[in-house]
Amino acid sequence: MDIFTSFKICSSGLTAQRAKMDVITSNLANVETTRTPEGGPYKRKTVILAAEPVADVFGTALNAAVRAVKIDSIAEDGAVKMMYEPSHPDADDKGYVAKPNVNLIMEMADMITTSRNYEAIVTAFDATKNMALRTLDMGK
Amino acid sequence: MNDMLIRGGDLLPPSLHTPKSTVEVQNEAKPFSSVLKDAIADINKLQVNADETIAKVQLGNTASIHEAVIALEKADISFRAMMQVRNKIMDAYQEIMRIQV
Chain A
13 MDIFTSFKIC SSGLTAQRAK MDVITSNLAN VETTRTPEGG PYKRKTVILA AEPVADVFGT
73 ALNAAVRAVK IDSIAEDGAV KMMYEPSHPD ADDKGYVAKP NVNLIMEMAD MITTSRNYEA
133 IVTAFDATKN MALRTLDMGK
Chain B
957 MNDMLIRGGD LLPPSLHTPK STVEVQNEAK PFSSVLKDAI ADINKLQVNA DETIAKVQLG
1017 NTASIHEAVI ALEKADISFR AMMQVRNKIM DAYQEIMRIQ V
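For the protein sequence lines, the chains are A and B, in the order given.
Using the working numbering, the letters of the first sequence correspond one by one to residues 13 to 152.
Using the working numbering, the letters of the second sequence correspond one by one to residues 957 to 1057.
Relax, there's no trap hidden among the hints.
Chain B regions said to be covered by chain A (calculated; three or more residues, Cβ under 8 Å):
id: 1; stretch: 1016-1028
id: 2; stretch: 1033-1046
Derived lysine to any residue pairs resembling SDA-like cross-links, with alpha carbons at most 20 Å apart:
id: 3; chain 1: A; residue 1: 57; chain 2: A; residue 2: 115
id: 4; chain 1: A; residue 1: 141; chain 2: B; residue 2: 1025
id: 5; chain 1: A; residue 1: 82; chain 2: B; residue 2: 1018
id: 6; chain 1: A; residue 1: 141; chain 2: B; residue 2: 1021
id: 7; chain 1: A; residue 1: 55; chain 2: A; residue 2: 38
Simulated from the structure, these hints should not be mistaken for lab results.
From a predicted model like this one, the values you see are computed outputs, not experimental measurements.
Backbone N, C-alpha and C fix where the C-beta goes; we use that ideal spot for every residue, glycine too.
Could you build all of it, start to finish, from the sequences and the hints given here?
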């Protein structure tokens, strides 16, 4: 067992939450984007997370239970919002423009969840560190 | 230093020495000085690792801030653990030096 195992898991969690925040920012920035290198409007993206075993944890009993997290993939939302804007250069012949399916309120809610999750992991890290430091103070 | 043998690898936390050295210490009572040297080398490696991560963050490469901070904390905790070991050794040494002859 290693106190650094908790650190490794915290690190993976923080990386995952950072990636989620990156994707949310990207969705917010591209809320009106109608042109992409692949063609068509920007597609709303979401991060899919997967559990990952941590090398050499606690021993056999907890080996199966303790998991870090990793970014499995980035899913794309293929749906588009059709908005009537005949003056837009990307409007079709009926005057409708395909806009990304980004809902500002949903993205803000996701952002709050992500930042709170990040804070929770930081708190877990601090608690682990304090445990280690308290252990070193033992017997003084 | 050979007369100060420490039997059993329980002095240092498991993270501070490699499994190889634990086995050796338990089997053939490795000199204490080399256990300490191994531990210091491991801790130094963590410090160097923390430095490298910070350099990466400053250069805007792959590493992110939290990785640098976590590397620093790892280095900090292992250094503190080493200092505790050192304090115990110094206590023992001073105790021996106080013996009246």
